[in-house]
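Trainee: Use these hints to put chain B with the ligands onto chain A, whose structure you have.
Quick mapping for you: the protein sequence lines, in order, are chains A and B. Heads up: the first sequence is residues 1 to 326, going by this note's numbering. Heads up: the second sequence is residues 1001 to 1319, going by this note's numbering.
In short, the hints are calculated from the structure, not lab data. Even for Gly, the Cβ is constructed at its ideal location relative to N, Cα and C. Among these hints, one or two may not hold up.
[To be verified] Simulated restraints on C-beta separations: (1) Ala179/A <-> Glu1043/B: 46 to 52 Å; (2) Ala1163/B <-> His306/A: 42 to 48 Å; (3) Gly43/A <-> Ser1281/B: 41 to 47 Å; (4) Arg104/A <-> Gly1060/B: 48 to 54 Å; (5) Leu282/A <-> Pro1300/B: 24 to 30 Å; (6) Gln46/A <-> Pro1300/B: 54 to 60 Å; (7) Tyr1293/B <-> His139/A: 25 to 31 Å.
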Amino acid sequence: MGEITLVEAVRLALARAMEEDPHVIVLGEDVGADGGVFRATEGLLQRFGNMRVRDTPLSESAIAGVCVGLAAQGFRPVGEIQFMGFIYPAVDQIVSHASRLRNRTRGRLACPMVLRAPYGGGIHAPEHHSESTEAIFAHVPGLKVVIPSSPSRAYGLLLAAIRDPDPVVFLEPKRIYRAFKEDFADDGSALDLGRCFTLREGDDLTYVTWGAMIMETLAAADDLAEDGIRAEVIDVATLKPLDADTILRSVDKTGRLVIVHEAPLTGGFGAEISARVAEGALASLLAPVRRVTGYDTVMPLPKMEHHYMPSKVRILKAARETMEYA
Amino acid sequence: MVLTRTFDEKAVALQRTGRLGTYASSLGQEAVAIGVASAMRPEDVLLPSFREQGAQIWRGVALKEALLYWGGDERGSAFKEQKEDFPVCVPVGTQFPHAAGVAAAFQSRNEKRVAVAVGGDGATSKGDFYEALNVAGAWKLPAVFIINNNQWAISVPRSAQTAAETLAQKAIAAGMPGAQVDGNDVIAVRDAASRAIERARDGGGPSLVEAVSYRLSDHTTADDARRYRDEKEVSAHWKEDPVARLRTYLVSQNAWSKSDEETLIGECVQAVGAAVDEYLSAGVANVGDIFDYLYARCPPDLAHQRDEAVAFARESDDG
Ligand SMILES: Cc1ncc(C[n+]2csc(CCOP(=O)(O)OP(=O)(O)O)c2C)c(N)n1
Ligand SMILES: [Mg+2]
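Same shape as in the complex, but just chain A (with noise of 0.2 Å):
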């Protein structure tokens, strides 16, 4: 019986290091009395109090920059970005600072902190809140960057996110928050960062993807199996740094790629994906690698959202077409 959804692991992940943690504290626009937007956050403040449990002001460079030093002094700060979309004036400090700290300093400062930030489309939110950003974090060298698609992948990789020495972008598919329930015990196990879980294996395709893309791709995986073929389906969940090897040892085996990710085509994710496979696994392709992504547009109002937002439909078209090279 599955009882957890997505946001709540988050809870249970964030309240289960703020147990084990004193040095763990939880910052952010309205993640106190409100509980986050989202209620990611729900009880923290009442049962951690207002000095790990932390209302900002509306500032999210200062959101950013207070988890730097935060972090440089010992603490683990996880930081709320209320939405994606607001995570740019942000982004000064994480790529000239909390990226960079242990580096500079040769290790003599570090930056373990996370920044979580709900993304993604599909949810018809107003203008700015349904963006897929992950590429330009992925970007950034010293950062990591990490996407869950299920409650207990959101569960086991945020408390290695909050337990990793170093700065994690932690970015949560919202329109999967409340989509599906899962059965786990919250005993703070994490999960492996810099991992690919693979979701489904099969050998006549794989198609790799991260966040909420893995409903559209395992509904895909279904309809391309009643047609007997069998698709291995690979969640990322770890962009950066990336599990290139569990990617390849698939292609090795089913000869055949196609990539989903809801941010657009060009300089996304998928595109390094690409570039990894013609590096490492182009002698056993036998089609070429397709994409299926959002297009170069801005990301549309609610009204054009489902012609942005990569269906079934596009995904098995694509997998079909890769099929018809012998």
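Mentor: Same frame as chain A, but now just chain B with the ligands:
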């Protein structure tokens, strides 16, 4: 003000019945929007936040356009009448630097026009806010920064937002005047805004006006303020309802009668109702629209994607 309130009520009702997206009502803050907008000249430029629909409507944004935008349709920002005002600004505080830029354009062209940006109390915590004030002060730009201090930024009360005693005093560091005004008194808001705007128009430089009001509604339709705010506080602030205050004043001056009131409400309900009908029958745009306005000309590389999207939409009978 009554039109704004009627519009807000209808918009919230549409959202509740699934016919509009998330919506931020301006209930209780109508005097800020109208006081400011009525102090502007048509040739000035407004740079609103997401809660200044009253000012937008005053300045010629059609009710139907406002509904389209909040209904999730970009056509709602393609204002037919209003040519130069900026669209709604969602990333908090990012409109303030634009106002400095618009004002710099007026200054460069020696035009006697003013850029007026409006934002919330929370927005005064943003770097963009300080940076905009600073450049406007340094360049003596014809810009006016209005703060709709509704005393809440979602769940964060004004007292937790900043230790500054007033938001108006944030002007001092930027070398410009800052005034605090009763934001529930439309006459006072208009007076303070007019002084600031006319000063800027006459080459006197920028200024900041903090209008102290109150957010009587939830933050948006996606919010439930009972989680963090005492209902008693809200009821107490209803006593300052700016619409009731203006009505009381006008009645005391023998300038307003029951039948005036009825006529006005009737007209507002009628206008909003007509706009809702237009909005609901506006249909949806073509899928190509998501590509066609990205650049002045659609680059060939993007045109391929456009073709694909159009084909998919046609296949799914959705173009
Ligand atoms: C940069 C940024 N951060 C966060 C948000 C989410 N958000 C939307 S409105 C809001 C509070 C705004 O408070 P205030 O400036 O006082 O304006 P009000 O909503 O009270 O009118 C927040 C945090 C946002 N839109 N932009
Ligand atoms: Mg406010």
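Trainee: Can the suggested window of 41 to 47 Å be confirmed for the beta-carbon pair Gly43/A and Ser1281/B?
Mentor: For Gly43/A and Ser1281/B the Cβ distance comes to about 45 Å; the hint holds.
Trainee: Tell me if the beta carbons of Leu282/A and Pro1300/B are separated by a distance inside 24 to 30 Å.
Mentor: holds, 28 Å
Trainee: That 46 to 52 Å hint for Ala179/A and Glu1043/B (C-beta), does it hold up?
Mentor: At 50 Å between Cβs, range holds.
Trainee: Taking the CB of Ala1163/B and the CB of His306/A, does the distance hold inside 42 to 48 Å?
Mentor: At 46 Å between Cβs, range holds.
Trainee: Using the C-beta atoms of Tyr1293/B and His139/A, is the stated range 25 to 31 Å upheld?
Mentor: holds, 27 Å
Trainee: Does 54 to 60 Å hold as the CB distance between Gln46/A and Pro1300/B, or does it fail?
Mentor: holds, 57 Å
Trainee: Take the C-beta atom of Arg104/A and the C-beta atom of Gly1060/B, compute their distance, and say whether it sits inside 48 to 54 Å.
Mentor: holds, 53 Å
Every hint from the earlier list agrees with this structure, and none is contradicted.
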